[in-house]
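2 protein chains.
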Amino acid sequence: MAQFDGINVKKSEFSEWYTQALIKSEFFDYSSVSGCIVFRPDGYFIWESIQKFTDLAFKNDGIRNAYFPLLIPEKLFEKEKEHVEGFNPEVAWVMQVGNSKLDERLAIRPTSETIIYDSVSKWVKSWRDLPLRLNQWCSVIRWEFKHPTPLLRTREFLWNEGHTAFATREEANSERERILQIYSAVLKDYLALPGISGQKTESEKFAGAESSYSIEFIMPDGKMIQGPDFHNDGQNFAKAFDIKFFDKDGKNQYAYQNTFAITTRVIGAMLAIHGDDRGLVIPPKVSRIQIVIVPIYNNESKDEVLSYSTRICNEINKDLRVLLDDIDIYSPGNKFNRHELRGVPLRIEIGIKESRENTLTVARRDTMKKEKIENKDINDQLSRMLYQMHEDMYKKAKDVLNNAISIVNTYDELKKVILEAKIAQAAWCGSEKCEKKIKAETLAKSTNMPFDVQQGVEKKKCVYCGNAAKHVVNFAKSY
Amino acid sequence: MAQFDGINVKKSEFSEWYTQALIKSEFFDYSSVSGCIVFRPDGYFIWESIQKFTDLAFKNDGIRNAYFPLLIPEKLFEKEKEHVEGFNPEVAWVMQVGNSKLDERLAIRPTSETIIYDSVSKWVKSWRDLPLRLNQWCSVIRWEFKHPTPLLRTREFLWNEGHTAFATREEANSERERILQIYSAVLKDYLALPGISGQKTESEKFAGAESSYSIEFIMPDGKMIQGPDFHNDGQNFAKAFDIKFFDKDGKNQYAYQNTFAITTRVIGAMLAIHGDDRGLVIPPKVSRIQIVIVPIYNNESKDEVLSYSTRICNEINKDLRVLLDDIDIYSPGNKFNRHELRGVPLRIEIGIKESRENTLTVARRDTMKKEKIENKDINDQLSRMLYQMHEDMYKKAKDVLNNAISIVNTYDELKKVILEAKIAQAAWCGSEKCEKKIKAETLAKSTNMPFDVQQGVEKKKCVYCGNAAKHVVNFAKSY
Chain W
257 MAQFDGINVK
267 KSEFSEWYTQ
277 ALIKSEFFDY
287 SSVSGCIVFR
297 PDGYFIWESI
307 QKFTDLAFKN
317 DGIRNAYFPL
327 LIPEKLFEKE
337 KEHVEGFNPE
347 VAWVMQVGNS
357 KLDERLAIRP
367 TSETIIYDSV
377 SKWVKSWRDL
387 PLRLNQWCSV
397 IRWEFKHPTP
407 LLRTREFLWN
417 EGHTAFATRE
427 EANSERERIL
437 QIYSAVLKDY
447 LALPGISGQK
457 TESEKFAGAE
467 SSYSIEFIMP
477 DGKMIQGPDF
487 HNDGQNFAKA
497 FDIKFFDKDG
507 KNQYAYQNTF
517 AITTRVIGAM
527 LAIHGDDRGL
537 VIPPKVSRIQ
547 IVIVPIYNNE
557 SKDEVLSYST
567 RICNEINKDL
577 RVLLDDIDIY
587 SPGNKFNRHE
597 LRGVPLRIEI
607 GIKESRENTL
617 TVARRDTMKK
627 EKIENKDIND
637 QLSRMLYQMH
647 EDMYKKAKDV
657 LNNAISIVNT
667 YDELKKVILE
677 AKIAQAAWCG
687 SEKCEKKIKA
697 ETLAKSTNMP
707 FDVQQGVEKK
717 KCVYCGNAAK
727 HVVNFAKSY
Chain H
257 MAQFDGINVK
267 KSEFSEWYTQ
277 ALIKSEFFDY
287 SSVSGCIVFR
297 PDGYFIWESI
307 QKFTDLAFKN
317 DGIRNAYFPL
327 LIPEKLFEKE
337 KEHVEGFNPE
347 VAWVMQVGNS
357 KLDERLAIRP
367 TSETIIYDSV
377 SKWVKSWRDL
387 PLRLNQWCSV
397 IRWEFKHPTP
407 LLRTREFLWN
417 EGHTAFATRE
427 EANSERERIL
437 QIYSAVLKDY
447 LALPGISGQK
457 TESEKFAGAE
467 SSYSIEFIMP
477 DGKMIQGPDF
487 HNDGQNFAKA
497 FDIKFFDKDG
507 KNQYAYQNTF
517 AITTRVIGAM
527 LAIHGDDRGL
537 VIPPKVSRIQ
547 IVIVPIYNNE
557 SKDEVLSYST
567 RICNEINKDL
577 RVLLDDIDIY
587 SPGNKFNRHE
597 LRGVPLRIEI
607 GIKESRENTL
617 TVARRDTMKK
627 EKIENKDIND
637 QLSRMLYQMH
647 EDMYKKAKDV
657 LNNAISIVNT
667 YDELKKVILE
677 AKIAQAAWCG
687 SEKCEKKIKA
697 ETLAKSTNMP
707 FDVQQGVEKK
717 KCVYCGNAAK
727 HVVNFAKSY
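Keeping their order, the protein sequence lines are chains W and H.
Sequential numbering from 257 applies to the first sequence in our numbering.
Sequential numbering from 257 applies to the second sequence in our numbering.
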């Protein structure tokens, strides 16, 4: 504890603001390992919340948790060709243990398809063994060489990885909507985070998948970032790993598989999107401290104010996470700054006036508005304010996202929108050539093809080549 | 799914029984990585339960979760001399990423003192920053070269690692009893597992600690195995990592630290201790399926029996985890065998007789006793049976443990007890020389010095040298 060290840039200088907000809030910290960060308790609390709610929804959907080894033998890792090509440059290899050199290199999992499907091929023999729907919560290493950014691009991150196998393509496909719905609900209901769900284009899909789907967010710098994703692997991995079963007719078939993940990156997007010049703004449901009580007194009023503050604190239900900040060495203003930087949703200010009137002054972190309320049904009142704050945060973020999308009909319009750091929504013929040219000329890539804007696409023309359009795509600069 | 493949040895052939029970039950599996296992859903459910209850108790005690990098730079890892010497032979090193050789080797954490204390030294400046009580749930790699045994000796295991820092030695010491109490309660209340709590001798303590404490179990082969542990690190790591703070008098001091852990090894001990010739016996609170309903019918009675079985299944509360095993291809006897192998606590048998009488026949997995009960208040009746099963399992295991301990007064007695594969409880002078000689001559090592048998030790003589005794020690062969 030392002098208060606030953020010394505005949020408009986004990249500097972002790292200052994450580090100075004491939610995260750099570590001695380049590109890897430390999750401090308030930051990790957000991940624990995401895990808890996602895991519950997975279990209700019939998915079961398991745990597979961290290390993957090189020969397994190489079994699916596209997969290994996609991940190889970023794989960390264990080659020595103590003073002994290993006979075979071991990869630290960048993702676990290969080690999991090696087991699944032993377990699946009959249609009665399907569907097999497994998930694990773990960390993965992808040693990117681009400039690292805490949570958004780190060499180690935390995630869930769902890996499922089905008897038919239809069953496998029907899982997609349910899983994307679970992710969307967690993002909306807990992180107050709106996103755009859609399919990735062929060139942006996952290494080894048949088709990929994502939820994308818009960051304050106008770049998009990919959140949770879902991949239909078809029979690609089943063929590489020999995952075969006897179907009801006694025929030996390959299984159909899916993979899906939510990662700690969504925390970065959430902090970036909700924060302001003062620091973080944490959605109430994932904030370790939801309400902070700051007593304001002088020598004369001290006893009375502290006694009233303590009474209020004790009246607040245990399911609201409250902190009475009665440390004597900081001024109330200093405390306000600290808790604002850390994004505590509600601040209750209690002075001699509140004590005499039997009231509370409550400040909401997102709007910074203060309201005086009576000390009556305070649990109901505070719960309602927390609820309203969540709703308002979601609505605000949703408006920002909606306003960032421009429907463009010509390539000139597309270029203009990209220069304005926005999302250009355009019809596209489906050829990789057009997609690549757009990327080369504007630096904007196809983020995804939103599910809800595809209707009537057959009447449109490709924004680049003018041929008949097949998809509507969001083009934007991205992380 | 195939022919039922039961355990083909008795539990008395312990080592073969143990691996068959873990693998054939489909709780665990071998993997393609030598010495690393797969946690399948029923096995992982036990770990999730341990995590849930331990984590709740930690949080109630004020401990907060965090997450630190998996990889530790070599220069950090080497900072505490005893620590690095203890772990170096088992460390897996990352030396290459993609095709690039790293400038500095990175250790996969065998334990995280070094990476965590590097951060703690930045965070702790004043007595107001203390105590700092952190925990993380993660996996660690210790590449042992001894013969691996699933859960008991694996190269990767899952654990909690608590790392705390205090302003005074007294505060640091006072944490010990609370943490060991939390671990004992989780073992007793959820795993029905009794253990012996005590201090480790100087030569058996943790690499880098001032003193170590453990909870030890007795395995069916008479060998002891160490469960959860707690280490007072004193100022050892604080000095190596420069964890200093200004105390209330403005003096700059080193912090006092502790470390504590429970690992997936306790699952192995639990399965080994409770199992029988038929397979696993899972304590009800950590069993993914607590009750299985097996309908027994012929063509004529099928509809009636299935309809009654379904009604019973639906009457059982959702907080009891029940499965109606109505798959048609296996005989009831085959199903009995499968669920017994997998240790499902209660089996409800329903035939035409039960249906007509409005009764249930319930078999308890631990005693294999059947009881016919009326279909009345079945949730109360089943809950009571599950509760009683847990109590009885704990009592049985506690009796086995108590009967295995022999108090010995002479070295001849000690040797005899060790030959009988039991625990020899003996007075000891405290010299490493005697301890080493006993180990060399009997292959029994000091497991720990139980807290509850130390009174009056000063009147006793060392079992080996006859000098004045300082401690009462449990000697046993061990894992």
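None of these hints come from the bench; they were simulated from the model.
Some hints here could point you the wrong way.
Because identical chains share one entry, a pair is satisfied inside a single copy or across any pair of copies.
Unchecked claim - PhoX-like mimics (lysine-lysine), calculated; alpha carbons at most 20 Å apart, straight line:
id, residue 1, residue 2
1, Lys-701, Lys-495
2, Lys-507, Lys-335
3, Lys-357, Lys-402
4, Lys-381, Lys-591
5, Lys-357, Lys-504
6, Lys-558, Lys-701
7, Lys-692, Lys-654
8, Lys-381, Lys-308
9, Lys-280, Lys-378
10, Lys-654, Lys-331
11, Lys-701, Lys-733
12, Lys-574, Lys-315
Structure-based check of all given hints:
| no. | hint | verdict |
| --- | --- | --- |
| 1 | Lys-701 to Lys-495 | neither (31 Å within a copy, 51 Å between copies) |
| 2 | Lys-507 to Lys-335 | neither (25 Å within a copy, 61 Å between copies) |
| 3 | Lys-357 to Lys-402 | between (30 Å within a copy, 17 Å between copies) |
| 4 | Lys-381 to Lys-591 | between (62 Å within a copy, 19 Å between copies) |
| 5 | Lys-357 to Lys-504 | neither (48 Å within a copy, 51 Å between copies) |
| 6 | Lys-558 to Lys-701 | neither (60 Å within a copy, 61 Å between copies) |
| 7 | Lys-692 to Lys-654 | neither (30 Å within a copy, 70 Å between copies) |
| 8 | Lys-381 to Lys-308 | neither (33 Å within a copy, 34 Å between copies) |
| 9 | Lys-280 to Lys-378 | between (49 Å within a copy, 13 Å between copies) |
| 10 | Lys-654 to Lys-331 | neither (46 Å within a copy, 47 Å between copies) |
| 11 | Lys-701 to Lys-733 | within (6 Å within a copy, 64 Å between copies) |
| 12 | Lys-574 to Lys-315 | between (27 Å within a copy, 14 Å between copies) |
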